[in-house]
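**Student:** What follows is each chain in one-letter form.
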Amino acid sequence: EADIYQTPRYLVIGTGKKITLECSQTMGHDKMYWYQQDPGMELHLIHYSYGVNSTEKGDLSSESTVSRIRTEHFPLTLESARPSHTSQYLCASTSNYGYTFGSGTRLTVV
Amino acid sequence: AQSVTQLGSHVSVSEGALVLLRCNYSSSVPPYLFWYVQYPNQGLQLLLKYTSAATLVKGINGFEAEFKKSETSFHLTKPSAHMSDAAEYFCAVSDANFGNEKLTFGTGTRLTIIP
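Those sequence lines, one after another, are chains A and B. Just so you know, my numbering puts the end of the first sequence at 114, numbered straight through with nothing missing. Just so you know, my numbering puts the end of the second sequence at 96, numbered straight through with nothing missing.
Simulated from the structure, these hints should not be mistaken for laboratory data. Errors might be hidden in some of the hints.
Once the Cα atoms are required to be at most 20 Å apart in a straight line, the calculated EDC-like pairs of lysine to aspartate or glutamate come out as [unchecked claim]: (1) K49(B) <-> D66(B); (2) K83(B) <-> D42(A); (3) K22(A) <-> E46(A); (4) K22(A) <-> E67(A); (5) K22(A) <-> E83(A); (6) K61(A) <-> E82(B); (7) K21(A) <-> E60(A); (8) K49(B) <-> D63(A); (9) K35(A) <-> E52(B); (10) K83(B) <-> E60(A); (11) K39(B) <-> D66(B); (12) K61(A) <-> D7(A); (13) K61(A) <-> D42(A); (14) K35(A) <-> D63(A); (15) K61(A) <-> E46(A); (16) K35(A) <-> E60(A); (17) K35(A) <-> E82(B); (18) K83(B) <-> D34(A); (19) K21(A) <-> D7(A); (20) K21(A) <-> E76(A); (21) K35(A) <-> E76(A); (22) K61(A) <-> D34(A); (23) K39(B) <-> E69(B); (24) K50(B) <-> D76(B); (25) K83(B) <-> E46(A); (26) K61(A) <-> D76(B); (27) K83(B) <-> E83(A).
Produce the entire structure from the sequences given, and follow the hints as far as they go.
**Tutor:** See below:
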């Protein structure tokens, strides 16, 4: 049973819409991450957080933004979605024992 | 900087045959290495990890991997493939203790099992 939850699992939206992808974990982990995964491509880190009120940009430039107001919650927001944002977005958190990944949100912008 | 190269984006093996998925890494510091499996429409599940202990690492579902520093490799193997092994496999590297820092992933290898 997953301890990290992502909603929605699938989302199809029109260009220009604002969207928020939700990520929550019940393990009390301080470190959380967002990865972007395109088909046939590796996962790229786009955002990470080492605790409340801490957010950093990852290795891959992204037009999305994140917030970390509570330990368990790490939402990702796109202010104006574009077709180039079509991808799968995976959220993860870590402890000393390693990563736990969510099931992902598959986003399609039309 | 770290990087991971997975040789072969698609691998097909017959059921019962040996599975070998290749991973080579580049790291300027002692690496921590991981193999993850991703089933369709799911997140990533950890198969096994190398954290500078034994070079032969055993994971879940009968998989194992051997860390070879001289070859900068961390290939994943399973003696006998099962239909349920069909999935996407990702090799990843980290440079921090216990792998709780940023991971750098390979491009993945899709494993198909032939009945």
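**Student:** Run every hint past the structure and note whether it holds.
**Tutor:** Quick rundown of the hints versus the structure:
1. Between K49(B) and D66(B) the CA atoms are separated by roughly 24 Å; this puts the pair beyond 20 Å, and the hint is violated.
2. Of the pairs offered as hints, the one joining K83(B) and D42(A) holds, with about 18 Å between alpha carbons and a cut-off of 20 Å not exceeded.
3. For the given pair, K22(A) sits about 26 Å from E46(A) by alpha-carbon distance, which is inconsistent with the 20 Å threshold.
4. Only pairs whose Cα atoms come within 20 Å are accepted, and K22(A) paired with E67(A) is accepted, the gap being roughly 12 Å.
5. The suggested pairing of K22(A) with E83(A) holds, with an alpha-carbon distance near 4 Å, which does not exceed 20 Å.
6. Distance hint between K61(A) and E82(B) is fulfilled; the C-alpha atoms sit about 14 Å from each other, no more than 20 Å.
7. For the proposed pair K21(A) and E60(A), the alpha carbon gap of about 24 Å is over 20 Å, so the pair is violated.
8. Distance hint between K49(B) and D63(A) is unfulfilled; the C-alpha atoms sit about 27 Å from each other, more than 20 Å.
9. With a CA separation close to 32 Å, the supplied pair K35(A) and E52(B) exceeds the 20 Å bound.
10. As the CA atoms of K83(B) and E60(A) are separated by approximately 12 Å, the hinted pair is consistent with the 20 Å bound.
11. Distance restraint check for K39(B) and D66(B): the Cα-Cα separation of roughly 16 Å lies within the 20 Å cut-off, and the hinted pair is therefore satisfied.
12. Taking the CA atoms of K61(A) and D7(A), the gap is about 24 Å. The hint is violated against a cut of 20 Å.
13. As the CA atoms of K61(A) and D42(A) are separated by approximately 18 Å, the hinted pair is consistent with the 20 Å bound.
14. Straight-line distance between C-alpha atoms of K35(A) and D63(A) comes to about 16 Å, which keeps the hinted pair within the 20 Å bound.
15. Note on K61(A) and E46(A): the hinted pairing holds, with a Cα-Cα distance of about 18 Å set against a maximum of 20 Å.
16. Annotation: proposed proximity of K35(A) to E60(A) holds, straight-line Cα distance about 11 Å (limit 20 Å).
17. With a C-alpha separation of about 8 Å, the suggested pairing of K35(A) with E82(B) holds against the 20 Å cut-off.
18. Proximity of K83(B) to D34(A) is assessed by CA-CA distance (about 13 Å); at most 20 Å being required, the pair is judged to hold.
19. Proximity of K21(A) to D7(A) is assessed by CA-CA distance (about 29 Å); at most 20 Å being required, the pair is judged violated.
20. A threshold of 20 Å between alpha carbons decides the hint, and for K21(A) with E76(A) the separation of about 26 Å lies outside it, so the pair is violated.
21. About 10 Å separates the Cα atoms of K35(A) and E76(A), which keeps this hinted pair within 20 Å; it holds.
22. Between K61(A) and D34(A), the direct Cα distance comes to roughly 16 Å. Compliance with the 20 Å bound is thereby established for this hinted pair.
23. In summary, the hint linking K39(B) to E69(B) is supported, as the alpha carbons are separated by about 19 Å, within the 20 Å threshold.
24. With a C-alpha separation of about 15 Å, the suggested pairing of K50(B) with D76(B) holds against the 20 Å cut-off.
25. Only pairs whose Cα atoms come within 20 Å are accepted, and K83(B) paired with E46(A) is accepted, the gap being roughly 14 Å.
26. A distance of roughly 18 Å separates the Cα atoms of K61(A) and D76(B); the hinted pair therefore holds under the 20 Å criterion.
27. The straight-line distance between the Cα atoms of K83(B) and E83(A) is roughly 26 Å, outside the 20 Å bound, and the hint therefore fails.
The structure fails to meet hints 1, 3, 7, 8, 9, 12, 19, 20 and 27 from the earlier list, while all remaining hints are met.
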